[in-house]
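J.: So you can see what is in the structure, the chains are spelled out below.
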Amino acid sequence: MALLEVSGLTTDIRLSRSVVHALSDVSFTVDAGETVGLVGESGCGKTMTAMSIERLLPPGGHITGGHVRFDGRDLVALPERSMQAIRGGEIGMIFQDRMTSLNPVQLIGEQVAEPLVLHRGMTRARAREPVLEMLRLVGIPHPEQRMDSYPHQLSGGQRQRVMIAMALICRPKLLIADEPTTALDVTVQKQILELVDRLRAELGMAVILITHDLGVIAGRADRVVVMYAGTVAETAATQTLFAEPRHRYTEALFEALPERAAGTGEKLYSIPGLPPDLIEAPHACPFAPRCRFAVDRCRTQLPVLESAGDGDVTHRFACFVPRTEPLPSPEEIVAARPAAQAEASSDSREWVAPTRFIPDDGVPLLSLDRLVKDFPVTRGGLLRRTVGAVSAVAGATLQIARGQTVGLVGESGCGKTTLGRLVVGLELPTDGRILFRGRPLAHRHRRDLREDRRNVQFMFQDAYASLDPRMRVRAILREPLEIQHVGTARDRDRRVDELLEDVGLPRRAAERYPHEFSGGQRQRIGLARALALQPALIVADEPVSALDVSIQAQVLNLMKQLQRERELTYLFISHDLSVVRYLSDIIAVMYLGKVVEIGPAAEVYAAAQHHYTRGLIDAIPIADPAAERAKAKLGVSGELPSAMDPPSGCRFRTRCPMAQEICAQVEPVLRVGGGSDQDAAGTMPDVGVGVGVGGGAGAGGAVPHMVACHFPLVTGTFAAAAAAAASGPAPTGRPRGMGPVHTTGRGERDGR
Amino acid sequence: MTTQLGGPPPVEPAGGMDAAVGAFAAPADSLPAPGTLEGRPKSLFRLGFEVFVQNRLAIVGLVVVALAILFCFVGPLIYPTDQVTVDLTSANLPPGSGHPLGTDGSGYDVVGRLMVGGQTSLIVGLAAAAIATVVGTVWGAIAGFFGGVVDGIMMRIVDAILAIPILFLLLFLVTIVRPSLPVMIFVIGLTAWLVPARLVRGESLTLRVREYVQAVRVMGGSSWRSVTRHIMPNVIGTVIVNATFQVADAILLVAYLGYLGLGISPPATDWGAMLSNGTQYVFLNYWWLIYPAGFAIIIVVVAVNLVGDGLRDSVEVRLQRR
Chain F
11 MALLEVSGLT TDIRLSRSVV HALSDVSFTV DAGETVGLVG ESGCGKTMTA
61 MSIERLLPPG GHITGGHVRF DGRDLVALPE RSMQAIRGGE IGMIFQDRMT
111 SLNPVQLIGE QVAEPLVLHR GMTRARAREP VLEMLRLVGI PHPEQRMDSY
161 PHQLSGGQRQ RVMIAMALIC RPKLLIADEP TTALDVTVQK QILELVDRLR
211 AELGMAVILI THDLGVIAGR ADRVVVMYAG TVAETAATQT LFAEPRHRYT
261 EALFEALPER AAGTGEKLYS IPGLPPDLIE APHACPFAPR CRFAVDRCRT
311 QLPVLESAGD GDVTHRFACF VPRTEPLPSP EEIVAARPAA QAEASSDSRE
361 WVAPTRFIPD DGVPLLSLDR LVKDFPVTRG GLLRRTVGAV SAVAGATLQI
411 ARGQTVGLVG ESGCGKTTLG RLVVGLELPT DGRILFRGRP LAHRHRRDLR
461 EDRRNVQFMF QDAYASLDPR MRVRAILREP LEIQHVGTAR DRDRRVDELL
511 EDVGLPRRAA ERYPHEFSGG QRQRIGLARA LALQPALIVA DEPVSALDVS
561 IQAQVLNLMK QLQRERELTY LFISHDLSVV RYLSDIIAVM YLGKVVEIGP
611 AAEVYAAAQH HYTRGLIDAI PIADPAAERA KAKLGVSGEL PSAMDPPSGC
661 RFRTRCPMAQ EICAQVEPVL RVGGGSDQDA AGTMPDVGVG VGVGGGAGAG
711 GAVPHMVACH FPLVTGTFAA AAAAAASGPA PTGRPRGMGP VHTTGRGERD
761 GR
Chain C
3 MTTQLGGPPP VEPAGGMDAA VGAFAAPADS LPAPGTLEGR PKSLFRLGFE
53 VFVQNRLAIV GLVVVALAIL FCFVGPLIYP TDQVTVDLTS ANLPPGSGHP
103 LGTDGSGYDV VGRLMVGGQT SLIVGLAAAA IATVVGTVWG AIAGFFGGVV
153 DGIMMRIVDA ILAIPILFLL LFLVTIVRPS LPVMIFVIGL TAWLVPARLV
203 RGESLTLRVR EYVQAVRVMG GSSWRSVTRH IMPNVIGTVI VNATFQVADA
253 ILLVAYLGYL GLGISPPATD WGAMLSNGTQ YVFLNYWWLI YPAGFAIIIV
303 VVAVNLVGDG LRDSVEVRLQ RR
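Listed in order, the protein sequences are those of chains F and C.
Heads up, this note's numbering is the position in the first sequence plus 10, with the first residue counted as 1.
Heads up, this note's numbering is the position in the second sequence plus 2, with the first residue counted as 1.
Keep in mind the hints are simulated off the structure, nothing from the lab.
Be aware that a few hints might be false.
To be verified - Partial selection, computed: residues in chain F whose CB lies under 10 Å from chain C:
1) Arg460
2) Glu461
3) Asp462
4) Gln467
5) Tyr474
6) Met481
7) Ile486
8) Asp512
9) Leu543
Unchecked claim - Just a few of them, taken from the derived set where beta-carbon distance is under 7 Å, the chain F residues facing chain C:
10) Leu436
11) Leu477
12) Asp478
13) Pro714
As the list claims (entries may be wrong) - With a cut-off of at most 25 Å between alpha-carbon atoms, the simulated SDA-like pairs for lysine to any residue come out as follows:
14) C:Lys44 with F:Glu511
15) C:Lys44 with F:Gly283
16) C:Lys44 with F:Leu515
Quick reminder that beta carbons are idealized off the backbone N, C-alpha and C, glycines included.
Using the sequences plus the hints, can you model the full thing?
T.: This is the structure in structure tokens:
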């Protein structure tokens, strides 16, 4: 018998004037010892399902139908006292917002002991031992000291571990993890997910993993439930779902993933429209208005879950026009269109010229020369003493050629946002130079400064915060033109209309305020504003991080299209490697203020040479269950060191599996092939890079693949290893002679 | 390589779900879902206005204030009384024929006295609050935006003056200068601008690091533009709310000074002075000299506070629109 059986669960939330039908007829089961993934875009009802199971509904919320059978008992009908015993005692929950889920004025030890005190009747003193054991189990170093600290003294990853400890301390039978790793660094995310998996095996419990990340699901879940607009669209075993989805929504999601089109330059499929409002109870398929394949029946009848009739008994879906063939795997897509990337770059483009015509003379558009930015840390109120400096960017050297897209990747705290802000002029560099076509960007003189602004523009991460909430869109878009005294008032108005059209927004959007738009639309307005001055270079700081994947696809398509039309150059900053890979010609990886690897996108991705890049690629989940399961369990250990006191020599050495003594003494320089020869070939400008004409694919050697490591990886991934196995000696062929060759630990995987 | 369906919890939802979970009851369902751009565009003023009118208490407050203003300024035209000639033969008459609330010690009709007193109280209250708000806002915006030494000096001046007890400062000032209406306005305004200054400076500091202010720099705009076009409009909401409370405070301050006998000189009066005169006769039970003036102060001050609360809600709601 299943541990948890949800059947026909319907939840309503009563607002002052309307009722929101949060869940409609949700059904799924969870067996003991398995992980069920609950997946869907924001607003689909995943958190509401978890809350309904635990009966922790928001004010006005009621379960109006269905049953939740847990271990034989129906939770919906249970009195509150019994429900309290179950919450925490038999069902543990990890909440989404870890910042506010720990009491800031209570010690960690007290908080972790609280479930024991409540459910097992222990005193604080008796609970101390089990708490220590639990903290050790979740991997918190020095638990005896940590027990007596406050939440603010722990890092994000540690706080999440404490929350896991709290949820598991009573050895519950079921753990509900609601987005347990959002907003965590990708390497820490991997550690936390490993931990949950390990604990599941040790404690023999079932896990409901709620997430929006298909990659996490691919790696960790045994079965998946896909939700849309408060209903279950499809449920299946993971392998089956990723190979043969039936519901059109699931299919659309897979097609919108950047990695399915990565490296091909293809347009992503973006689901048009927006999810429904949930004010009316669904009387037809909720996805019908946005579905490419919808027929009349879809718009008039409500589909029910029916069995797929394939090998997987648990595969059920609710669709009248299901997909019948399996999905093509990413390799098949790539294989079918090998030259698409080169094609895209050699398109003939009619383009709207940047403000100042950029001749095709090989001078790099943007050149960063040993850029350094330190933020002083001060103590004291009245008389401020500088006690140290946060080294945000430490000697970054980078070149961007006209028409290219350079993707800057790294985790939070690596300095990529600071680098972007330095380029645009929001911060002044402590040292080093920024050259725009050979001329340093002015930071001092007002008139030159204003003119320079027309060449480089910025796209902010948080579209909501970057648009003045009190200005209408017309005023927002007109502002850069007013500041730069471009054209007459009528010209400006006309330009505003043109811009709106370029980014795909209706004309009437000009009269609206920012709050009336959705996230994706606001991001388009931000892009339109960046385009208003016709810059040559746009620095985009995480423009799609906060968007759902279908909206993300729209914005990425738009950016790519505009680049083709207008000969734009992008510096694309993101922590999301798949998005970066989709859009970029060149990838640069940053760690703690240093550029550790740079090269053509496909090469960096397929044959990463720096251990950190390798770790990042390993840690980031991909939507392919087979690859996920077979990945190295290593990832990157430890946590980011403080930027105030970075490690000497190579900054990554504290977390690197290959670190040797030399790594602590000598800082590696960025050069082709890495290594620690101290010859003059180290500095980038001398190595004659960045002279690519017309941008495009880097395979032609526009930017050589460079790495800053004493012992770089020789063989990178499956592909390289397989190629090596098939064709003989190591593909790079460069004699190393120092340090062992890092094996990828992938086990028997070949033919990939 | 993340295959996320959505990034970290999005700032706003694509559908109506999270808006509901956020438990923002009343206005959440009065707007269409974001992104659909339905309906006619509504200005921010109109949105705020709609929320304001849903707040019953605020409407009550507004009505009371309107009535009070009408009473004090239009009243004497409808119910004229002699507020200048002293008539000791009709001093301290209880409410009766000809005098709905009786007369006071100088023979003036109490209702007429209330009107005259109200004029003083309201004029001083509104004008002093207006001056205080304008001066304080400009001061605070400059200090907050420029920061550093400029901010330090300006705020230390504010702190220094704030450290002096307001009432003593006022007492000191009115004993030096003979109080008349403009002097009182000036004196009260002089002390009241400190609070808006601090408030606006705080808001200014918060807004300075907002991305839309930074975007102005990216576009090549000057600091002046950031302050006038972006920071000031976004601060206005808080400033207006504060101004309403300033009015209430100013009316009270006038009353305090009047009560202490340091207010405006007779035959002009204000409610505080009326109260002060009335307390002489407490043991004689001449209640009509005390209660009317007292009630007038309380009712108007409470009404102004209610309006201020309503404004605060409507301003915040506009910003919460996702």
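J.: Okay, which hints does this one fail, numbers in order?
T.: 8, 13
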